[in-house]
Every structure is written in structure tokens, then in C-alpha cells.
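Participant: So you can see what is in the structure, the chains are spelled out below.
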Amino acid sequence: MQNAFGQPQSVLVLGGTSDIALAVTRRLVNDRTTTVVLAGRDDAALARSAEELRAHGATLVETVLFDAGDLSSAAPTIDAAFAAAGGSIDLVLVAVGLLGDQDKLDDDAQGTASLFSVNLTWPAAALAALRPRLIAQGTGHVAVFSSVAGVRVRRANFTYGSTKAGLDAFTQGYAESLRPSGVLVQIIRPGFVRTKMTEGMAEAPFTTDVDTAADTIVKGLSTKAPVVWSPSILKVVFMAMVHLPSVLWRRLPG
Amino acid sequence: MTLGNQELLSGWGNTAPSTAWVTTPRSADEVVELLRSTKGPLIARGLGRSYGDAAQCAGGTVVSNRSLWHLSPIDPSTGLVTCGAGVSIDELLAVALPAGFFVPVTPGTRQVTVGGAIAADIHGKNHHVEGSFMNHVTSMTIATPVGPITVSAESDPPLFWATGGGMGLTGIVTQATIRLLPVESGYVSVDTERFDDLDSIMEAMYTGDANYRYSVAWVDCMTAGARMGRGVLTRGDHAPLEALSAKQRATPLAAPTGAKLSVPFTAPPGLLNKLSISAFNELWFRKAPTKRDGEIQSVGTFFHPLDGVSNWNRMHGPKGFLQYQFAVPDAHGDVVTRAIEVLSSAKVPSFLAVLKRFGPGDPGPLSFPIEGWTLALDVPLGPPQLPKVLDQLDQMVAEAGGRLYLAKDSRVSAELLRTMYPSLDSLNEVRRLIDPHGVLASDLSRRLELD
Chain A
232 MQNAFGQPQS VLVLGGTSDI ALAVTRRLVN DRTTTVVLAG RDDAALARSA
282 EELRAHGATL VETVLFDAGD LSSAAPTIDA AFAAAGGSID LVLVAVGLLG
332 DQDKLDDDAQ GTASLFSVNL TWPAAALAAL RPRLIAQGTG HVAVFSSVAG
382 VRVRRANFTY GSTKAGLDAF TQGYAESLRP SGVLVQIIRP GFVRTKMTEG
432 MAEAPFTTDV DTAADTIVKG LSTKAPVVWS PSILKVVFMA MVHLPSVLWR
482 RLPG
Chain B
47 MTLGNQELLS GWGNTAPSTA WVTTPRSADE VVELLRSTKG PLIARGLGRS
97 YGDAAQCAGG TVVSNRSLWH LSPIDPSTGL VTCGAGVSID ELLAVALPAG
147 FFVPVTPGTR QVTVGGAIAA DIHGKNHHVE GSFMNHVTSM TIATPVGPIT
197 VSAESDPPLF WATGGGMGLT GIVTQATIRL LPVESGYVSV DTERFDDLDS
247 IMEAMYTGDA NYRYSVAWVD CMTAGARMGR GVLTRGDHAP LEALSAKQRA
297 TPLAAPTGAK LSVPFTAPPG LLNKLSISAF NELWFRKAPT KRDGEIQSVG
347 TFFHPLDGVS NWNRMHGPKG FLQYQFAVPD AHGDVVTRAI EVLSSAKVPS
397 FLAVLKRFGP GDPGPLSFPI EGWTLALDVP LGPPQLPKVL DQLDQMVAEA
447 GGRLYLAKDS RVSAELLRTM YPSLDSLNEV RRLIDPHGVL ASDLSRRLEL
497 D
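Chains A and B are the protein sequences, given in the same order. Residue 232 is where the first sequence starts when you use the working numbering, and the numbers rise one by one after that. Residue 47 is where the second sequence starts when you use the working numbering, and the numbers rise one by one after that.
Some hints could be false.
To be verified - Listing some non-contacts, in silico: residues in chain A with all C-beta distances to chain B over 10 Å:
id, residue
1, A344
2, A359
3, R383
4, V384
5, G397
6, A406
7, E407
8, T438
9, H474
Unchecked claim - Just a few of them, taken from the derived set where beta-carbon distance is under 7 Å, the chain B residues facing chain A:
id, residue
10, L54
11, A62
12, P63
13, S64
14, T65
15, A66
16, A104
17, L368
18, P433
19, S456
20, R457
21, D489
22, R492
Said to hold, decoys possible - With a straight-line cut-off of 27 Å between C-alpha atoms, the simulated DSS-like cross-links for lysine-lysine are:
id, chain 1, residue 1, chain 2, residue 2
23, A, K450, B, K434
24, B, K320, A, K450
25, A, K466, B, K365
26, A, K455, B, K434
To be clear, the hints were calculated from the coordinates, so they are not data collected in a lab. As the structure is a computational prediction, the values presented were derived from the model and not from experiment. For every residue, glycine included, the Cβ atom is placed at its ideal position computed from N, Cα and C.
Turn these sequences into a full structure, and let the hints steer you where they fit.
Facilitator: This is the structure we're talking about:
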């Protein structure tokens, strides 16, 4: 059950090795969260994250394995996660995703299809499987990790960016569809964050570290804002960016 | 009986809403049948004046008691009346007062059902003399999953006292017999005194409350420094006929009227803010007499000032607000001052604070009042430091052997709650007997891990 501050007691992380999602979950465990289900692909990494959360005070931490390349696993993964949590989940963080290497993806049909599966199709299917459960629960909160890279795509990472643009749009409609039930669905749009996913890459303007991003996101989760930007200034930055003529947009570094 | 519609429900603070199937049974038999056949989770709901999530049930069933409405004639010699659990204090008073009786315990609003009054074991301005609601219930009928049971404090003390303050977790009360208080008039003779600081208010209450049936202080938490905790103490008793003016004596037992104003829609965010509230507090403080004795006030004015504006909770805007109310034993009265100071220095001062003394508590394992002090605070949601500050207050209250009021709570931790109510296990012993499959549960009971 969430409390008046929207602090959850149980959290499901789809993409249980995401640095940002884990940092957010650690903060939630420091507040009221006692049950966490981490779902992901890497057994050993999930186990390590689970141990860390137990050390922070979570009393029930379970892991569920899935491969986001296997679209038929979306619904069963949701089923397994709910069972592992004891039947109900207050907050679902959808943080499944890979960055991919644009240079390799440019001419790679298989790689492109695969990235779409992992970043967009699987999460959308999982959200669809989640929906009736949230309605039956009568309460719930979903936060989908999109990215500023989806707000306006760049040549440098347009395959990744477009999967995020798709997920972002899907989530907007999904949120509207759940409005009457009182279930809150938020879109998280982080800018460039220093994580293992972006290791070695050139930093963009308004880059933050994981802790700052997690602080901003946890704060956003306690509001009813449909979109949570991290850092929050990016909201205003991108209001301008989306209107920039292409001749200027394509010249931006990164 | 079919279930009604799905509704999004919250408490009076408009926070943490959840969806449930709402049904309104029209008789005690229907309630019994519902409890016999349900798989749960299920909880009763009266007029929804709990501030938090006590009367809502995500994914489950909420049973409205409002059609459990009947009212026996009042026995003039004993003052006993039997009423359906859905009868509100307002409705009861409308019948009792013209007959020369007052409700033995009334909270700050008349919009509370008898069922709700029992579930929260409500208290009023007279707790220090007359205890809480359950002290005036001679018997009640509770619909439970194992059938209906009629109990008194003598016939079944564990079930009786577990139900008082039990937040609906021991069954659904369908009717109760209450002992009313005989009065000569509905007016109250009030002594008002203004104080410049908290210590003097508390001193006056400690030494003088025993002389009055009703006593409560409004405290200003918005001023800082030396003037913090200035306030207005109002104390009184029902006015005898000879104290009334000729005009008042013509209709001494007229029942209080309904709200004259209404807040028709949720106010924009920030309407009630530090500036507007500070201004209000200043006016309220200045308007109060430095000292005035024997003023005759109506029931509405003395007991239920907020009932004058219906849906006043909407003035807090879309974010909602929360109420924080704690009780601490006399030995730790300093927690009252420290709580106000902590909120003030964290820049989340309470908008409205009400201070009262409690007399001894009753045997209810989850009943809130204990002998000492109680402070009720209105806190606006929004400031990011608020959750941690309230956790800090919880710690202070728990360490002082105090507790929070579950009819107002919307965010305490399950762990600390357990510390605050050490007799929780006896509540669950009773629940295991009358609810073996654990169908009775609310958002509050699940949040606080009471199930």
C-alpha cells in the first residue's frame, strides 16, 4: 500500500540491473519499501543487487529471470513477479533497455529489430500484461524510463532514441487509459547520466551522476507529474530544442 | 444482493486514493450475509471523515453503513437510545437535543456515523472528564464473518474493547445503544483566555481543566521565536437555563443547523499558504478576548466550527493535506513543545494546531487516548522534507510512550506503529476468532501490516 506521500511498500523493477532504477529503489527501501522484485536477464548481477537491497533493509527481495528478446516472456514475467511479491505490487519501474552502438546498428537489420524488441516491444507487452492486474488491485503506480534521446532523435543514437520515443508515446496513452482507475503512470525522462550504460561516452550538457538523477526521480515519484525530467531543467531546455531548425540541431555536439 | 459500483475512494485528506466495489446494505441481515460469503478484503465506511486510508480497500469491497439507519425513542429516565450504525452524530443530535439530551462525546465535526465513532473510539473536548465514545456505549451488535454478535463491556470485554478503536477490523457494527447526556440547553457557557506562549496554556490546562466539562486550546504554530505557541483556550459546560438570554431561553434546545457555506470545488494549489494562514492566525488570535467568562455560545460555534463550511478540506487544494495527531503521557508533555519546534525549524509549520488534555484511556488495544496531552496538527503536503520530519516526530512520540491516532494517520511506519500500540496482539487474537479467514482488511490495515 502506498502512503499519503506515495511511498510504496513493494516495488517491481523490470530491468533489475539498471543503475538508475537500482539507485531509486535503494532510496525507496530507505523510506517505506520492504518488498522488492528484481527482474532481468543477468542472474549473478540480479543476485548482487538483491543482496545490496537486503543490506539496506528490504525484508523480501526476489529475482525473476527473463530475456527481453523473447516477446512471449512478457506476460509470464509479470505473473512471476506478482507471485514473488506476494500478490500485489505498489510501484513498477520499467527500466528495461540497451543503448546499442549506432555505428553497428546503422546497417544491421537483426540488431535493429533486436533493440526494438528489448527497448520497446517487450516493455509495451509487459505494460499491457500489467494493466489488468493494476485495475484489479485498485491501486498502483508505474514509472516508465524513457529518455531525452526520444524527445527529438539525434543521428548519433537514433535507433535507441526512436525506441524511447515509441515507448514514451505508448506510455502517454497507457497513462490516460488508467486515469479513471486512480493508478498513476509517470514517464521518467533522464538526460545523460553517468552509468555503466554510458561508460566511455562523451558527456552531453546537463549530465548528472546516478545519485543526483535518483534523487530527482524519487522526488518526481512523490508527485503526480505525468513526466519527470532529470535534471528538471531539461524540461525547459527541450521545449527549445524541439523547435530548433535541423541545420542547428544536427550541429549540436554528441 | 448485488455489489454496487466501483468507486475511487480516499479519506478526508484526499491522499492515496484507491478503487473498491462499494455496496450499501439496507439491513443488518444483509451485512451478515455479505460477511459470510465474501472472500475479502472488505471494510466498512461511514461518512469518510478519517483523514487517511482507514475506510477504503484497494481491490476489495467497501461497505457503506449509511443505510443501517434507525433511531429508537430516547428513554427519558436513562438517556439510552439505540440507533443504526449509519446514524450520524448530526442526525442523532437533531433528535436528542429537542428531547433534552446531548451526545456524550462529539468530535470536531458532526459528520461522523455511530459506526465510525466506535471504530475510531472518537474523543471530544470532554475526554479529560468523560473519556471516549466507547465509555458511553452500553451495548452494540457487530456483524462478523462468523455471524452477528451483540456485546457489552460486561458480556464480552475482549470483543467489545477490541472493536472500540479497532478501525473496523473486528467486524461491521450494525447498531449500538448509547447513553446520552441530559442537558437543560444546547448552549455552552464558555470561558475564553488568550495566552502568549505554549507553556502558559499548558499550565492553565493542567491546573484548571478539572473544573470544566469541555476544554480545548487552539495553538498558533506559525509565529516563530518567543511568540510561538501562543493560543486561545476555550473551556465550558452546557449552559443552564438561567444563564440564557430571554431570546435563547425561548428555544433552548434547538438543534444546530447545517453548513451555511460550501467549497464547491477543489481550490487551486497554494490558496492556503504560509502567508494566508499567518494572516488568518493573526486575525483569529486578535479576535479572541484576552479573558472573557460566561459567554454563551451555540453548539455549532463551540463544538463544530469547521462544519460551518462544507467540504472545507478542498481549500487545501489538489495535493491534499494530512493531519498528524499524537498523544503523550503527562511525564512527556515537553514533546508537545518540541513537536511544534521541530516542524517550525524544518520550515513545515502546521497551519492549525489543537491541544487538549486526555483523561485515562480505556481498555481498547488500538484505542488512541491515553492520559496526558494530545496535539492535532494540520500539515499541508508539498514540502519535500515533510516525510522525514514526520518520521522524526514519530520517533519522539514513540520514545515518550505515546502514539498516533489511526483515524488521522496516512503515513506512519508499520514498525513504529507496533511500538506505539503494544497491545496489538490482543486485537489480532480477537480477529482470529471472529474472522478466521482474515477477510476484514483496509488499506490502513495492509499498510500498517496489522493483518
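Participant: Hint by hint, which ones does the structure fall short of?
Facilitator: No numbers; nothing is violated.
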